[in-house]
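Assemble the complex: chain W is given as a structure, and chain C must be docked to it using the hints.
One letter stands for each residue in the lines below.
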Amino acid sequence: MAALTQTAPVTATRPDERHRRGKARWAVLVGAAVVALVMLVPFVIMVLNAFKSPGDYSQNGPLSWPHELYTQGLKNFWNRTDFPVKLWNSTWISAVVALAGVLLSLLNAYAIGIGRIKGRLWVVTLFLLATMLPQEALIYPLFTMAQRVGLSNSGWSVVIIFAVIQSAFGTYLLASVLGTFPPALLEAAALDGANRWHILWRVVFPIVRPTLVVLMIFFFIWTWNEFFIPLVMLTTNDTQTVPVALASLQGDRMMDAPTTNAGALVSLLPALVFFLIFQRTLTRGVTAGSVK
Amino acid sequence: MSIETATASRPTAGATDPTRARRRRRRSSRLGYLPYLVPGVLGFAVVIGIPFVMNVVYSFQKWKGGEAPHHWVGLQNYVDLMHDTQFWTSFRNSFAMILAMVVIPTLIGLVLASVLFDYLGKTFGARTAAVLRATYYLPQILPVAVAGVLWNWILNAQTGAVNELLRSLGVDHPPNWLGEPRTALGSVMLMLVWVQIGYPVVVFMSALQRVDPELYEAAELDGAGWWRRFRAITLPQIRPETFVVVLTCTVAALKVFGPIYVLTRGGPESSTLVPSYYSYLNFFDKSKVGYGAAIANVLTLVIVVVAGIILVAQARYERKEGVR
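Chains W and C are the protein sequences, given in the same order.
Going by the working numbering, the first residue of the first sequence is number 13, and it counts up by one from there.
Going by the working numbering, the first residue of the second sequence is number 2, and it counts up by one from there.
Next up, chain W with everything else stripped away, as it sits in the complex (with noise of 0.2 angstroms):
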């Protein structure tokens, strides 16, 4: 998932049957980039619909470009939705699964892969049936339950959920990363007299950090498009998240082509954003990661 700016290496040999195929690569390459063009046209018609005019929509068509800059859509979508307010829940509450999802996997991980308790091969396997569970088989009673405790229509019922259910597949592939860990540094710690606690946070976790920040990554993106259990738990204008806001507007009669495209456009771009800025970070932890 990770891979995206490593780079294929290239052979240096080249031998000679390649030559003779000039024709036949160019073929190739015009092959791949359609695709990669049919992959792009959705993109493509939503940014020039995004500022289109309806008028100019319905005379023009999709594929025109369009004749002004037309923001009404966007302010449509912006107030309509509030945006500002689901921009900001869709953030703290990825933020807090994120940091939250990290931590229990960590703490589920030392004591798996470390402390090498009993049972942990049903421990792990628990875990790995848990990420496939579908959602459905559990929302009623957190439904139910959320309302028993008073987090009904709360960001904080989503971010427990999301902790734990991240932290399922956190531990899994943490606990595989510690079961390896260079067992003389934590002899020589524990030689020191580092208690199990001091080990953990001065000896384990400078060592995982690079590993726990792309498990942050994923978990925040992860979260942040998450669909199903936000939709069923957070049921008022002021709690929901961006994607449910998305959503939830379609059918309404004021969603021109111009309003749907822009609200698409500005719902996707936090998370391309956070892409793009951290995708560097994500290559360079897995790869720190399997050094150490």
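Source of the hints: derived by calculation from the structure; they are not laboratory data.
None of these values were measured; they are calculated from a predicted model.
Hints may contain errors.
Claimed, not checked - Examples of chain C residues toward chain W, derived with CB under 8 angstroms:
no.: 1; residue: Met55
no.: 2; residue: Ile142
no.: 3; residue: Val145
no.: 4; residue: Ile155
no.: 5; residue: Glu165
no.: 6; residue: Leu166
no.: 7; residue: Phe244
no.: 8; residue: Gly293
Just so it is clear, CB atoms sit at the ideal spot from N, CA and C, and this is done for glycine as well.
Showing chain C alone in chain W's frame:
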């Protein structure tokens, strides 16, 4: 994946463990590492364990939700499921979801990754391959609700981009893509293929990085063309990753909810109904909580069985490879 495999192999710790542990145990309690598991196990119980058990209990009841009374009905909900055509339709559509999210993207992904790595990357440079790969991956970073809203508009009968285009080309009555039972499922599948393709491409390409380049060079020197290298080197070498992709995507295809909710809500005439959406419908729309819980439990069972089959198949394959 590389994190697990590339780390230094751990020396057999079993022999030294007891003494080391004893030394450390002088300071801390006899509980050992168990306290570190407390937050995780507590969270697991509250968010996954207890709700799952409660859901199983609900599935033996008739309950309208909220303050309404619970009535025990035994296995009645499951018996009803067996005679419910919508239930069977939803699972039949799961096959379509697997086709669109697993089979087609994996096949296309294998070819694309191999072409990019073994052909274009070498002829036109690694940059070209990297740019193409990033483009294929782009739909993967979209929130699925956003992708759904975008495609819902593209395929909209009246104002959608596709039909605007068709009308300008002289088609009088372009199809109502998402609104007719005949075309709805195909349209949903089209979007899912578009969303999914990037994932296998990226996984397979990073898998190919660890294949010894000499294998390819030797094959090329022997005069093996791209297709023969693909079959003799690429496919066998990245089989572990293929299993991972098939497993994760199949589980995701069985669980799919967001795209259906945003694109069609299971309609028209249940032509795009899937189990997860059918269960949601019973929970929150029809107020048949017990019935919805039963659907979710059957879905869980199906997922676990299917995942088990894939894992067993993988283990068998690896053993067979090991013997050879």
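Hints versus structure:
1. For Met55/C, the shortest C-beta to C-beta distance to chain W is roughly 4 angstroms, which falls under 8 angstroms, so the interface hint holds.
2. With a least beta-carbon distance of about 5 angstroms to chain W, the hint placing Ile142/C at the interface is held under the 8 angstroms criterion.
3. Because the beta carbon of Val145/C sits about 6 angstroms from the nearest beta carbon in chain W, less than 8 angstroms, this interface hint is met.
4. A least Cβ separation of about 6 angstroms between Ile155/C and chain W falls short of the 8 angstroms threshold, and the interface hint therefore holds.
5. About 5 angstroms separates the beta-carbon of Glu165/C from the nearest beta-carbon of chain W, less than 8 angstroms, and the hint is met.
6. With its C-beta approaching chain W no nearer than about 6 angstroms, Leu166/C sits inside the 8 angstroms limit, and its interface hint holds.
7. The beta carbon of Phe244/C is not positioned within 8 angstroms of any beta carbon in chain W (closest approach about 15 angstroms), and the interface hint is therefore violated.
8. At a threshold of 8 angstroms, the smallest CB-CB gap from Gly293/C to chain W is about 7 angstroms, leaving the interface hint in force.
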